[in-house]
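S.K.: Heads up: the sequence lines are chains R and B, in that order.
Sequential numbering of the first sequence, starting at 4, is according to our numbering.
Sequential numbering of the second sequence, starting at 2, is according to our numbering.
Nothing false has been slipped in among the hints.
Calculated lysine to any residue pairs in the SDA-like style (CA-CA distance at most 25 Å, straight line):
hint, chain 1, residue 1, chain 2, residue 2
1, R, Lys52, B, Ala97
2, B, Lys43, R, Gly46
3, B, Lys58, R, Tyr28
4, R, Lys61, R, Asn33
5, B, Lys43, R, Asn15
6, B, Lys43, R, Gly102
7, B, Lys58, R, Phe98
8, B, Lys43, R, Phe70
9, B, Lys43, R, Glu67
10, B, Lys43, R, Asn44
11, B, Lys84, B, Gln15
12, R, Lys80, R, Pro43
13, B, Lys43, R, Ser89
14, B, Lys43, R, Gln13
15, B, Lys58, R, Ser6
16, B, Lys43, R, Ser87
17, B, Lys43, R, Leu22
18, R, Lys80, B, Gly41
19, B, Lys43, R, Phe66
20, B, Lys43, R, Ser6
21, R, Lys61, B, Ala100
Now the stretches of chain R that chain B is said to cover, found in silico as 3 or more residues with beta-carbon under 8 Å:
hint, region
22, 48 to 56
23, 97 to 107
Since the hints were derived computationally from the structure, they do not count as laboratory data.
Just so it is clear, the structure is predicted and the values come from calculations on it, not from any experiment.
Note that CB positions come from ideal geometry on N, CA and C, so glycine has one too.
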Amino acid sequence: AQSVAQPEDQVNVAEGNPLTVKCTYSVSGNPYLFWYVQYPNRGLQFLLKYITGDNLVKGSYGFEAEFNKSQTSFHLKKPSALVSDSALYFCAVVFMEYGNKLVFGAGTILRVKS
Amino acid sequence: EPEVTQTPSHQVTQMGQEVILRCVPISNHLYFYWYRQILGQKVEFLVSFYNNEISEKSEIFDDQFSVERPDGSNFTLKIRSTKLEDSAMYFCASSARTAPYEQYFGPGTRLTVT
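So that you can see chain R by itself, here it is in the shape it has in the complex:
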């Protein structure tokens, strides 16, 4: 079965420091990988995606993510965190062999302290 794991419930980082939010997925075909962010009382905002090509993808607000096929990971990164980055982050996967539905991880709360 397709699944996504976000092993950390919460990540704390100081403003200006690099941040990483981890995501791994179960192996089944060729996944399309996504990161979404959710601010309080808001919907899910698309950050970035990996479909094919360069393993390092860049997205909105200075975020990037690296697809690692051997480790089945797609970690979200940012070189310098901002307090305004504090939110709930979801990794999601589409396995095209199984349709278009997104399979989400449990989410990771990112707290950036000044």
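On the provided structure of chain R, position chain B as indicated by the hints.
M.R.: Just chain B now, kept in the frame of chain R:
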């Protein structure tokens, strides 16, 4: 920038009542989805809709649920007889024919069943 909209933002209903959640997808999108997020849990796929019919549904989407595209702009989710466990945030999403996996989400409707 075009966006998915949802109404109402919050719906309170009594157990056993019918509710209709409404969504206006992005205008040129052809794929439509409903997801839900029970408080504190992950976002779960409910149903996808394409070409005026359901293309995929999850185990959650039982006979109590239905979807409809009554006109050229709205996409609705109906729950016929609500249960306490239907209390959740319901998200609508849409995607384009050229990139069906790239889904854009609305702000959500918080459904509270009492």
